[in-house]
Amino acid sequence: MSDTNKHGLSRYIPAEIERAVRVRSKFGCVFCRSAIYQYEHITPEFSDATEHNSDNICLLCGRCHDKVNKGQISKDCVRRQYETVQKAAEVRPPFDDFVLDTRRLTVVLGSSIFHGAKTLIEIDGEAVLAIEPPEDGASFPTISGEFSDEKGKELFRIDKNIWSGKPDAWDMKVEGKEITIRSAPRKVALKLIVEPPNKIVVEHLDMRSGNAFLRLRKGSLEVGRIESDAEYSIGFERFECDGAETGVKVDSLAVKEPTLKALNMVGGKGVALEGTGIYLGVGTSRMTILGLSIEHATRQHTKRMTFPLREDMKGYTQVLPPRIS
1 MSDTNKHGLS RYIPAEIERA VRVRSKFGCV FCRSAIYQYE HITPEFSDAT
51 EHNSDNICLL CGRCHDKVNK GQISKDCVRR QYETVQKAAE VRPPFDDFVL
101 DTRRLTVVLG SSIFHGAKTL IEIDGEAVLA IEPPEDGASF PTISGEFSDE
151 KGKELFRIDK NIWSGKPDAW DMKVEGKEIT IRSAPRKVAL KLIVEPPNKI
201 VVEHLDMRSG NAFLRLRKGS LEVGRIESDA EYSIGFERFE CDGAETGVKV
251 DSLAVKEPTL KALNMVGGKG VALEGTGIYL GVGTSRMTIL GLSIEHATRQ
301 HTKRMTFPLR EDMKGYTQVL PPRIS
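All letters in the sequence shown, in the order written, are residues 1 to 325 by UniProt numbering.
Don't take each hint at face value.
In silico lysine to any residue, SDA-like type, Cα no more than 20 Å apart, as pairs [said to hold, decoys possible]: (1) Lys-160 - Pro-197; (2) Lys-261 - Arg-217; (3) Lys-269 - Thr-288; (4) Lys-173 - Asp-96; (5) Lys-191 - Ala-230; (6) Lys-261 - Ala-230; (7) Lys-75 - Ile-42; (8) Lys-166 - Val-91; (9) Lys-187 - Val-23; (10) Lys-118 - Val-282; (11) Lys-303 - Thr-288; (12) Lys-153 - Thr-142; (13) Lys-87 - Asp-55; (14) Lys-173 - Pro-93; (15) Lys-199 - Asp-242; (16) Lys-160 - Pro-93; (17) Lys-166 - Gln-38; (18) Lys-187 - Asp-171; (19) Lys-87 - Ile-42; (20) Lys-118 - Thr-142; (21) Lys-75 - Ala-89; (22) Lys-166 - Pro-93; (23) Lys-153 - Lys-118; (24) Lys-199 - Ser-164; (25) Lys-118 - Lys-261; (26) Lys-118 - Gly-145; (27) Lys-173 - Glu-195; (28) Lys-153 - Val-91; (29) Lys-199 - Glu-146; (30) Lys-177 - Glu-146; (31) Lys-160 - Gly-116; (32) Lys-118 - Arg-63; (33) Lys-70 - Val-91; (34) Lys-303 - Pro-185; (35) Lys-173 - Thr-142; (36) Lys-191 - Val-108; (37) Lys-70 - Cys-32.
Honestly, the hints are just simulated from the structure, not real lab data.
Whenever a hint applies, use it, and build me the whole structure from the sequences.
Here it is as structure tokens:
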């Protein structure tokens, strides 16, 4: 297949045009809303086109695209449907499903790895991301949950292995095994990599739910809570656990006025930042940690304690300028 048509137009659509097509198609096939799509030149056909123009290109899934090629859906119908999707105040969210045929799912958050956790993320008693046992005769468990951005706005939802994005996102791109959601130019809000049959990798995340947050920074996982005049967080250079009841837990209901008292790491129980309501690997059967940091930020200063957990096991403390105004 030639990379250009008879007019010398490249088959590769410029990135800015691709994004415009995704936004105008609201990130899914304009017919069935599948988020696994192809770029369809409506009219003229690519072979006759002299330019790539988002007015004349839309998203179609492989199945609907085949129907167009076989004449089962007319080009006029495609254009009408594209215009309908653009004008609609509400459309079905773009969706697809995870094919995770395993009884033991691994979820990677930055450099932290959770094998077979029952609840991945729990905030104030609510499961934000959880593994649900098989039901109705199914062979495998399912994953359900919701990811939000740094302001708490929903970005991405999973309901029993069927995921959906938000049609009003700045951009959402599905490419191979990767799902990337951007909230602004060059600002990735969420990046997921699905590795069947048993792994989901969250490569980028800056999420807030209530007064709790999860951040991935240079591969590390930071878990914390935000108060009116302070932030508390614990960061892990690498954390790995097996069979946890809860991978990441933040409880601001039981601990309403957090005061950092101690760091406890107990085999079979996980890691607790005592006095803050922040826990990792609750009920794990096995865990390893290569390094961690604790940060307490106030309007007066930012105190950061770092523990490499190697050889001499010595940590160090930094008192930095305040970052909370």
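Here is how each hint holds up against the structure:
1. Between Lys-160 and Pro-197 the alpha-carbon distance is near 15 Å, which keeps this suggested pair within the 20 Å criterion.
2. Of the pairs offered as hints, the one joining Lys-261 and Arg-217 is violated, with about 25 Å between alpha carbons and a cut-off of 20 Å exceeded.
3. Restraint check: the Cα-Cα separation between Lys-269 and Thr-288 comes to about 12 Å, which is no more than 20 Å; the hinted pair holds.
4. Of the supplied pair hints, the one linking Lys-173 and Asp-96 holds, its CA atoms being roughly 13 Å apart against a limit of 20 Å.
5. Taking the CA atoms of Lys-191 and Ala-230, the gap is about 28 Å. The hint is violated against a cut of 20 Å.
6. Taken as a hint, the Lys-261 and Ala-230 pair is honoured in the structure, with Cα atoms around 15 Å apart against an allowance of 20 Å.
7. Simply put, Lys-75 and Ile-42 have alpha-carbon atoms about 6 Å apart, close enough for the 20 Å limit, and the pair holds.
8. For the given pair, Lys-166 sits about 10 Å from Val-91 by alpha-carbon distance, which is consistent with the 20 Å threshold.
9. With a C-alpha separation of about 16 Å, the suggested pair Lys-187 and Val-23 falls inside the 20 Å cut-off, and the hint holds.
10. Under the criterion of a C-alpha separation no larger than 20 Å, the hint pairing Lys-118 with Val-282 is consistent with the structure, at around 10 Å.
11. A distance of roughly 25 Å separates the Cα atoms of Lys-303 and Thr-288; the hinted pair therefore is violated under the 20 Å criterion.
12. A C-alpha spacing of about 24 Å is found between Lys-153 and Thr-142, which places the hinted pair above 20 Å, so the restraint is violated.
13. Distance hint between Lys-87 and Asp-55 is fulfilled; the C-alpha atoms sit about 13 Å from each other, no more than 20 Å.
14. Restraint check for Lys-173 and Pro-93: satisfied, since their Cα atoms lie roughly 14 Å apart, inside the 20 Å limit.
15. Restraint check for Lys-199 and Asp-242: the C-alpha separation of about 14 Å stays at or below 20 Å, so the hint holds.
16. Of the pairs offered as hints, the one joining Lys-160 and Pro-93 holds, with about 16 Å between alpha carbons and a cut-off of 20 Å not exceeded.
17. With a CA separation close to 19 Å, the supplied pair Lys-166 and Gln-38 stays within the 20 Å bound.
18. Between Lys-187 and Asp-171 the alpha-carbon distance is near 10 Å, which keeps this suggested pair within the 20 Å criterion.
19. Proximity of Lys-87 to Ile-42 is assessed by CA-CA distance (about 18 Å); at most 20 Å being required, the pair is judged to hold.
20. Distance hint between Lys-118 and Thr-142 is fulfilled; the C-alpha atoms sit about 11 Å from each other, no more than 20 Å.
21. Between Lys-75 and Ala-89 the alpha-carbon distance is near 24 Å, which puts this suggested pair outside the 20 Å criterion.
22. At most 20 Å may separate the alpha-carbon atoms for a hinted pair to count; Lys-166 and Pro-93 meet this at roughly 6 Å.
23. Restraint check for Lys-153 and Lys-118: the C-alpha separation of about 25 Å exceeds 20 Å, so the hint is violated.
24. Annotation: proposed proximity of Lys-199 to Ser-164 holds, straight-line Cα distance about 18 Å (limit 20 Å).
25. Between Lys-118 and Lys-261 the CA atoms are separated by roughly 28 Å; this puts the pair beyond 20 Å, and the hint is violated.
26. For the hint pairing Lys-118 with Gly-145, the CA-to-CA distance comes to about 12 Å; that is within 20 Å, so the pair holds.
27. In summary, the hint linking Lys-173 to Glu-195 is supported, as the alpha carbons are separated by about 17 Å, within the 20 Å threshold.
28. Restraint check for Lys-153 and Val-91: satisfied, since their Cα atoms lie roughly 18 Å apart, inside the 20 Å limit.
29. A C-alpha spacing of about 17 Å is found between Lys-199 and Glu-146, which places the hinted pair at or below 20 Å, so the restraint holds.
30. Distance hint between Lys-177 and Glu-146 is fulfilled; the C-alpha atoms sit about 19 Å from each other, no more than 20 Å.
31. Our distance criterion of 20 Å between C-alpha atoms is met by Lys-160 and Gly-116, whose separation comes to about 16 Å.
32. Restraint check for Lys-118 and Arg-63: not satisfied, since their Cα atoms lie roughly 35 Å apart, outside the 20 Å limit.
33. Pair hint Lys-70 plus Val-91 does not hold up; C-alpha atoms about 26 Å apart against a cutoff of 20 Å.
34. Using a Cα cut-off of 20 Å, the hinted pair Lys-303 and Pro-185 is violated, with the two alpha carbons roughly 32 Å apart.
35. For the proposed pair Lys-173 and Thr-142, the alpha carbon gap of about 24 Å is over 20 Å, so the pair is violated.
36. For the hint pairing Lys-191 with Val-108, the CA-to-CA distance comes to about 12 Å; that is within 20 Å, so the pair holds.
37. Between Lys-70 and Cys-32, the direct Cα distance comes to roughly 17 Å. Compliance with the 20 Å bound is thereby established for this hinted pair.
When the structure is compared with the earlier hints, violations turn up for hints 2, 5, 11, 12, 21, 23, 25, 32, 33, 34 and 35 and for no others.
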